[in-house]
Amino acid sequence: MERKEAVIIGGGPAGLAAALKLWEKGIRDLLILEREDHLGGILRQCIHDGFGLGRFGKSLSGPEYAQAFIDEIIRNKIPYLTGAAVMGLTKDRQITVITREGVRRYEAKAVILAMGCKERSRGALGIPGERPAGVFTAGTAQAYMNLYNRMPAKEAVILGSGDIGMIMARRLTLEGAHVQAVFELMPHPSGLPRNIIQCLEDYKIPLYLSHTVTEIHGDARLTGVTVAEVDGHRKPIAGTEKRYDCDTLILSAGLIPDNQLSADAGVVLDSRTKGAVVDEHFQTSIPGVFAAGNVLHVHDLVDFVSMEAEALASDAADYIRGANFVPCTVRIRAGEGIGHIVPQKISAERDFRLSLRVRDHYKDCRIVVRQGGQTVASKKMKKAIPAEMIQMNIKAEKLQKEGELEVCVQ
Amino acid sequence: MTVTYDVVIIGAGVIGSAVARELSRYHLKTAVLEKNLDVCNETSGRNSAVVHGGFAYDEGTKKARFCVEGNRMMEQLSKELDFPFLCCGKVLVGNTDADMEQLRRTMEQGAKNGAEGLSLIDEKKLHELVPAVVGKFAMWSKTSGILDPFLYTVALAENAHANGTEYFFDHEVTGITKGEGYVLHTARGDFRTRWVVNAAGLGCGKISDMLGITGYRVIGSKGNYIILNKKLGELLPMPVYPVPSNTYMGIHVTPTVDGNVTVGPDAENTEDFAYYGVPQKKMEYLAESASKLWPHIRKEDQIRNFSGILPKWVDAHGAIQDFQIEIRDDIAPHAVNLVGIESPGLTAAVPIAQYVVELMKEREEFEENPSFNPNRKGIVRFAGRSRAEQEALIRQNPDYGEIVCQCEEITRAELLEAIRNPLGVSTMTGIKYRTRAMMGNCQAGFCQMKIERMLEQELGIRPEEVVYSRKGSWVLSGKLREEG
Amino acid sequence: MKKVYTCIICPNGCEIEAEIEGTYVLSVKGHTCDKGETYVRQELTAPMRTIATSVRVEGGELPLASVRLTAPVPKEMIFPVMEQIKKLSLKAPVEAGTVILKGVCGLASDVVVTKHIKEFKHI
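Residue numbers (my numbering), protein chains in the order written: chain U, 1 to 410; chain C, 1001 to 1484; chain B, 2001 to 2123.
No wet-lab data here; the hints were simulated from the structure.
Where a beta carbon is used, it is the ideal one built from N, C-alpha and C, also for glycine.
It cannot be assumed that every hint is accurate.
[Unchecked claim] Negatives, chain U to chain C, calculated, CB over 12 Å:
#1 74
#2 76
#3 84
#4 98
#5 105
#6 120
#7 135
#8 136
#9 203
#10 288
#11 326
#12 339
#13 360
#14 383
#15 392
[To be verified] Chain U stretches covered by chain C per the calculated footprint, using a threshold of three residues with CB under 8 Å from any CB of chain C:
#16 123-130
#17 144-157
#18 208-222
Construct the entire structure; sequences and hints are all you get.
Shown next, in the form of structure tokens:
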């Protein structure tokens, strides 16, 4: 058992940013554990541009965004292990890692969860029908194409208007596949508006809202899907079924924080975010275990992932140095119109940044934070959509030391 | 040119594979013809995976006899053949007086069949056994269990193969010519043989007709299932069934040997023996019905669904008949005809196979194969071992230190061994079922690309040649850019 | 004529309402920065897009190097540009930031590598 001040699980954007910030704060005895052979996480396969506008003021591709951090990691000689799969985490912050060199074990003062997220699979979506080849999640198709040089489709249909799905619609089209349409269960798109323009409209790929795939056909390779319109309760409307002949179905119907490890360790999870319940320091229910990035809640932009991980690392550095955090006993609740909020607990004694998503499309609305009937913060929004993460800075001076905070849309 | 075999077995399901293994105890040149690309692709692998006690079948039937015998053998078989089997018991849970009466009848029938370890238990004992179940009393069958039907069939087949049996996949028998012996026709050549064993499962009626044994009416009974993720296994130490009717076991919840839970099956007659689609309504119905027994089925825990079709031999009135295992010396000598081998065929496979061999030996003397080895080793699994054992495995073979499928903790070493399987199976699902890779929560999202690449590299094939499961199930259409 | 645009310059995706006459933009509203107005004018006369794709790499630890354009190109040139990029080939090692094709299709845009690709070494 090797002791470390900080072990970071995951070498994607969250893990890299957290490591750099810890280093900057003087924490030297740290280690990044990455299961793949390279640092960078999912950004390695996100070869499209549009990353980094917030952070670097220019539009970078995913690999470039990651490389900017990796260069710093290497320049500072921050220790990392690749090909290192963490297969065990305990509440005593002991970590078991499988590598080609053997089983390694670490005990860390602070563990930083930065495992990212996974995609909702066909099974999780419960799509009925046969089980042929040719049903891929968007990220899997993206990895095949951008990392492995393998083409997964000729004639494709996409279910779900998540950003990766739309980006894959364009990517497939550029590489010679034909994308017939994108179908979205909800009455509004789930990805960013710019992607509807530059990934779908530019390539004349129609987007059908309030539609879903009701059956998958084919006993060998996919031969087609049946699509139907859905009603206000998201149930297929009988008589609206239409068959699309295709050999590939790409699923882009949501990301879920990957908390298999956290759950094994006993970290309390939030049923809304599917990530850990955290306080204003991004500390989970287990003292010394922190979480940030997509493992905590799914972000829309990587720039926010990096920022969140840095905020985490600043506090984690204090924790490692023995700082006593003020207990976070004030709960924050997602009220009317709010999908989820992070953090879920605060001390009410220091300023914090609230991240949230709305549940529906709103125009000219106001996000309001209340405590005991008093409005403690509010943010005017020209539009608020579920696809975009909203952040608000909340001042401690406005807060009472007791009493739940409620966030809602007005 | 056609080779002459002593025996050709049609079908590499659990029955065909068990027959192959039993026959490999003798000096016989045996081949197995399978239309799919792997063993256990149809009925054998698409069921509840329960090792039955033998109480549910009418006294005096082959189903009762072979089920009880198979149940008694399973422990020994799992040791010889190294496949996952757990004698965990099972409960049939009731609430009403009528349920109690039915359970008493089942107990009596079980006793007559020779099923061991049956008892009626009260609510308290029931909840000791299965805390999370809803019910007032139950019949407990101590000797029932669960196994991995795919790995069981693979084990039988690999052991038969190691003892000399030849396997031919993608070989569908399209016709049989009788003469001196038999000539079995396939699209990939003819097979001349002295003996034929019809272990074709859902195809048993067709093959029976080809042998000239006509008149069997075989219907398909389709059952749908949903699979729940591994967390749920902890809440279910053994299968939980409702009180059965005469012909149908009812929708039950069953732990798998890997800790998942299956929910199902419903039962519906079908003419289509190749359609395995699961309709939306069925999924909802299964979850709802089983929740009455075991209220832990949440939508977010459902990781996938599947279905299976049982071939049932029925009479003119549609009444389900016993297993038919016969040699019709008048019509088709030297042909063992198995018809309507449905549940409990998985439990009964080896006794059925032994019976098949007995029937053959009544007609011909077989010379024993002195080099027959009943033992077979499966792939050494990494997951679930102590850290010290894992350390030792990695030291022996560093590929054990490379986790490819994180959800199920499957290593490169296991995948390579699966790809190099003795039967020469090369489908993605073949690798999946042999290792459990791609079966976890992410359903292959992160690992399938790596496994696909391993298949290309190990087999020296192009991406468009990689097959998912059945013939024609291509995974990739090619490369984006030519590789130098 | 009124027309609504969704700006694609940044993830904010402002909905911009423009008053248009022919190819002239009379007024815009709804944009939160100057780039929005420029975008609408450009979109009306000659829409420009950028693309990202991959180039084959020989002897690399990965078979592909990701690339992007350094500046947007006219929308209708996307597929001709793709055809040019598909013909390119690199030898490992490849450094991110390397321009591998200047002025693709005679346009004021270069193809630049966005990922380091090391040489593949047999162990």
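Hints and how they fare:
At the 12 Å boundary, the C-beta of residue 74/U stays outside the reach of chain C, the nearest C-beta of that chain being 23 Å off. Chain C leaves residue 76/U outside its interface by the beta-carbon criterion, the shortest separation being 28 Å against a cut-off of 12 Å. Here residue 84/U does not stay apart from chain C, with its beta-carbon only about 9 Å from theirs, under the 12 Å limit. A Cβ of chain C approaches the Cβ of residue 98/U within 12 Å, the least distance being about 5 Å, so the stated non-interface status is violated.
Remark: the non-interface label on residue 105/U conflicts with the geometry, its nearest Cβ contact in chain C lying 8 Å away (cut-off 12 Å). The non-interface label for residue 120/U is inconsistent with chain C: the shortest C-beta to C-beta separation is roughly 9 Å, within 12 Å. Remark: the non-interface label on residue 135/U conflicts with the geometry, its nearest Cβ contact in chain C lying 9 Å away (cut-off 12 Å). For residue 136/U, the shortest C-beta to C-beta distance to chain C comes to about 8 Å, within the 12 Å cut-off, and the non-interface label is violated.
Listed as outside the interface, residue 203/U is consistent with that label: its C-beta sits roughly 17 Å from the nearest C-beta of chain C, beyond the 12 Å cut-off. For residue 288/U, the requirement that its beta carbon stay farther than 12 Å from each beta carbon of chain C is met, with the minimum near 22 Å. Non-interface status of residue 326/U relative to chain C is upheld: no Cβ of that chain comes within 12 Å, the nearest being about 34 Å off. For residue 339/U, the condition that its CB be more than 12 Å from all CB atoms of chain C holds, with the nearest at approximately 16 Å.
With 12 Å as the threshold on Cβ separation, the claim that residue 360/U sits away from chain C holds: the shortest Cβ distance comes to roughly 21 Å. Chain C leaves residue 383/U outside its interface by the beta-carbon criterion, the shortest separation being 30 Å against a cut-off of 12 Å. Non-interface call for residue 392/U relative to chain C: holds, since the shortest CB-CB distance, roughly 29 Å, exceeds 12 Å. Restraint check on the region 123-130 of chain U versus chain C: 6 residues with Cβ-Cβ distances below 8 Å, three needed, restraint holds.
Only when three residues or more bring their CB closer than 8 Å to a CB of chain C does the claim for the region 144-157 of chain U stand; here the count is 10, and the claim holds. Residue count for the region 208-222 of chain U with a Cβ under 8 Å from a Cβ of chain C: 7. That meets the three needed, and the coverage hint holds.
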